[in-house]
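S.K.: Protein sequence lines, in the order shown, are assigned to chains B and P.
Here our numbering is used: the first sequence runs in plain steps of one and ends on residue 366.
Here our numbering is used: the second sequence runs in plain steps of one and ends on residue 1575.
Keep in mind that the hints were calculated from the coordinates and are not lab data.
Computed from a predicted model, the values in this text were never measured in an experiment.
Be a bit skeptical, because a hint or two may be false.
[Stated by the list, open to error] Computed footprint of chain P on chain B, listed as stretches where at least three residues anywhere in the stretch have a Cβ under 8 Å from a Cβ of chain P:
1) 199-211
2) 298-311
3) 322-334
[To be verified] For lysine to aspartate or glutamate, the following DMTMM-like pairs were computed, each having C-alpha atoms within a straight-line distance of at most 20 Å:
4) Lys293/B to Glu1510/P
5) Lys1531/P to Glu1510/P
6) Lys304/B to Asp1093/P
[Unchecked claim] In silico contact screen, one side only, chain B against chain P (beta carbon under 8 Å); selected entries:
7) Ala3
8) Lys112
9) Gly274
10) Met285
11) Glu292
12) Ser317
Each residue gets a CB set at the ideal place from its N, CA and C atoms; glycine is no exception.
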Amino acid sequence: MPAINEGLGMLSEQFMLMAGLAYAVAFCAYAWDLVTYSKAAKAGLAAAESGAGMEENKHQLVAAGSAGLGASNAELGLGAGPQDRAVRPSSKTHTSDDGITAGDSMRYGTEKRVVARVAVALTIVAACVHAMAVVFRGMAAGRVPWGNMYEFCTTGGLAVALVFLLVLTRRDLRFLGTFVIGLVLVMLTAASVAFWTPVGHLVPALQSYWLVIHVSIAVLSSALFTLTFAMSVLQLVQARREASIASGKKDKALVMRLVPNALSLENMSYRINGIAFVGWTLTLMFGAIWAEKAWGRFWGWDTKEVWTFVIWVVFASYLHARATRGWTGTRAAWLSIVGYLCVVFNFTIVNVYFSGLHSYAGVGGS
Amino acid sequence: MKEKLVKKSPGAKQEPASADAVLPRLGFVGMLRWAWRQLTSMRNALLLLLLLAVAAVPGSLFPQRSSAASSVTQYLANHPTSGPILDWFKLFDVYSSPWFAAIYLLLFTSLVGCVLPRAKIHFKAMRSAPPRTPKRLSRLAEYGTVEIPAESGISAETAVHDAAAVLKSRGYRVDVRDLDTDRPSVGAEIGFLKEVGNLVFHISILGVLAAVAYSGLAGYSGQRVLVEGETFVNSIVGYDTFTPGAYFNENRLSPYSLQLDKLAVKYDRESPGHYGQPIDFTATLTTKDGAGAAPKSQILKVNDPVSMGGTNVYLVGNGYAPVVTVKDGKGNVAYQGPVVTIPTDGAYTSLLVIKVPDAKPNQLGFVGFFLPTALVDDKGVAYGSDPDPFNPQLNLNAYTGDLGLDNGVPRNVYTLDTAKLKQINGRDMAAGGIVLAPGQSYTLPEGNGTISFDGIKRFAALDIRNDPGQIYVLVFAVLALGGLMGSLFLNRRRVWIRTGSHPDGRTMVEFGLLARGEDHRLAGESRALDKALHTKWLVPLPSAVEDGTQDKSYKKTRKDQSDTETGITMASKDQ
Ligand code: HEM
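So that you can see chain B by itself, here it is in the shape it has in the complex (with noise of 0.2 Å):
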């Protein structure tokens, strides 16, 4: 077992509170970036009920700029938004703007928002600086750095940011980003104000391969479950606005423009969610290996083996409610939300408060 390096330990802290000063500020920006927007939607719209510079508009803000609904989709020749049968939101004379919505596309459009661009490069930056401190404390310790609270979030914090960016290069999700930086930066406060640990070797219940494959893979679902959840809440903030334009009452809420219509949040975090539910399924089934060799018993609800059986009964609802007439859309973004919520209790209040074989704390006894 190699030795502590307590000085490798302090500057992995020290990286620790950069990175999260720079998520701080990223958070800034991504707010920033929204009320700029929703300003300039407000703006366009008013621009374009006074039906000058119209066209103008709809260069500067490709989804906000058109004059509503009317105006779009006699332009596209089509029905109402693509919730409406006749639409097929794949074919080609299908665009993504509704004039209410980003539309379903979630990629990149034409127009620029510089000031998302700096959260995401600003990001980056945290993110690059949070992946040192992480490495700097898995090297201070000599192991994989994820054995006790601290360092589950600290590294789930890392992984939430990353899962972030990589969904980011293939889709612009960018309206998440206050949300999602939003839970890093809570995850690296609770690490360093509630779980402060210094570095140290692990127990001998946690010294196993099993460590870095179960948990692993355990941080990387619950980091895919962490968007999902956020594009859960916008969907049903989503559906609530549209149905509520749609029965003719005015948009009160113009940064939703800045977010994809309800049903394509929905679509989207149903594959990501598989995703996750996968990885999930993977954890519970390491989990229960990890057991058998540690402690001879492959399932024996402990608190914590409960608790990752209910996530994973509760995501499997979530998918059945996809394919369950009456419960898609809202009532499945909900089973979503439930399940993260379960997954965060999972990990907070039953590490610390439930006692169990997976304590955290020493193992001493018999």
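With chain B fixed as given, assemble chain P with the ligand onto it according to the hints.
M.R.: Positioned in the frame of chain B, the structure of chain P with the ligand alone reads:
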């Protein structure tokens, strides 16, 4: 596949709509049928799953007998009114309770009722030709055309065969039809494994349940505490506690033996933040496969069991066993040997009980604790400060009287009922408590003899398990995982291609794609098919021709739209 499930659930021949409407006149069989259909409905499966999740929670809120029997006893003692009520509701045995079983049995019944008809339908679908070609392909989710110029000389019939070949090479099952008409077409289908995956997944979940049940019946397990130097022989008497499964018989115990030579424990002495935290437990064993077998030296660690004679031996706990000698009032050795203690904290403050029924004239009992590193606080009370034996100390109270061991009632060796005994030593008594360092001895008051603390050994708590069922659990779990991935990540889709001859000699080809269920890659497949067909007939892709004014942006827009969220297609919307 979903609509099949919803609409053609078992008994669907009976016109589901009217059956629901005339519920009162259904009769008994009708009622059963109705109940069965309710049970196997997707909505019900969903509700049962949610119920299962909710039902599992109390098991984490209340201590469970299966894993922490002593905590349950404690809980019952602390909550004399609510405890028995909770107990009546089986909240201390959630996972073996009738109501928990009811939920999962209903769920699995529903699963069978779901899976079997689906398997049948799917089996038929796999063997039947793709459905007939729709009249207007342009109404499908994805649609495209190819124009084969007249000079290429490809007839409509050749073209449809070519198209079939292209589809086949892409893995589709194809069926060429309408060859006798002037609009021949080919229907094709792919992705049957998606549904197979779904079925495999659900059946494997059943398999996991069955294997878990089997593993509970077939295996056996036991515990044994071994002090350094002691030997365990794998026979029923060798165990401290033994839990056989229903199929157990004694011949299954292979008569191996293992001796604990040494238990080495290492604590963190480097990092100030984790000083004294254990970092390694290593037991050295001498094992013999049978009575006459050659001895072998083996290492047993946490997370690293030793396999012997069909069992696995796990190191699940450890602690100190101080060696004591008790001489009775007559000067005879009434007890000698290590005493297994119960560690209670990270500093190994260890509780111990010594029962000396052979002491004469009075039986003797001792209750107290062992401290590996004793310090004394300002009130004069000793406490443990480190798990390593830097300053070991035994603190004991002594009792005399009838220990109650002679009447044959089994007694817990770790507790002593002092109610009927007479205390002769204690901190608050005139005689004081017994405090011993290794090598010291103490003379009991009233001529009751002596007790000496001779040395310290460690003990290992071993779990010994035989579980022939768990390999099946693993097999079914892996099958379930594979099925799940197939079900989630494969796509089932249909393609139709129709050809026809234009009066001017060109051969017109149109194709349409339809997804069944979620399929965000349908547009991509359509593009790939478009390309493959154009290549087949050496027709240049019509970027400049069809899209006219858009040609510059053609590539870009196509790319933009290609991967749009096409998840909801006609197939899935139609439900
Ligand atoms: C032990 C209980 C069950 C578990 C853990 C479970 C789990 C799952 C999971 C994870 C999926 C998603 C994978 C996929 O899309 O194929 C799924 C799909 C499905 N399950 Fe279950 N299931 C259970 C019981 C049932 C029952 C009782 C039914 C019948 C009513 C059922 C019918 C279905 C159907 C039809 C799908 C396909 C959904 C689709 O087409 O997307 N399941 N199940």
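S.K.: Look at each hint and say if it fits the structure.
M.R.: Hint check:
Check result for the region 199-211 of chain B against chain P: holds, 10 residues qualifying (beta carbon to beta carbon below 8 Å, three or more required). Evaluation of the coverage hint for the region 298-311 of chain B: fulfilled, as 10 residues show C-beta separations to chain P shorter than 8 Å, against a requirement of three. Counting residues of the region 322-334 of chain B whose CB lies closer than 8 Å to any CB of chain P gives 6, so the stated coverage by that chain holds, three being the minimum. In summary, the hint linking lysine 293/B to glutamate 1510/P is not supported, as the alpha carbons are separated by about 59 Å, beyond the 20 Å threshold.
At roughly 13 Å between alpha-carbon atoms, lysine 1531/P and glutamate 1510/P fall within 20 Å of each other, so this suggested pair holds. With a CA separation close to 17 Å, the supplied pair lysine 304/B and aspartate 1093/P stays within the 20 Å bound. Taken as an interface hint, alanine 3/B checks out: its beta carbon lies about 6 Å from the nearest beta carbon of chain P, inside 8 Å. At its closest, the beta carbon of lysine 112/B sits 16 Å from a beta carbon of chain P; the interface hint therefore is violated under the 8 Å criterion.
Restraint check, glycine 274/B versus chain P: the minimum CB separation of about 4 Å is within 8 Å; hint holds. Taking 8 Å as the C-beta cut-off, the interface hint given for methionine 285/B holds, the closest approach to chain P being about 5 Å. Annotation: glutamate 292/B was flagged as interfacial toward chain P, and the flag holds, the nearest CB pair being 7 Å apart, inside 8 Å. Contact between serine 317/B and chain P, as hinted, is supported at the beta carbon level, the nearest pair being about 4 Å apart and thus within 8 Å.
Of the numbered hints stated above, those contradicted by the structure are hints 4, 8, listed in ascending order.
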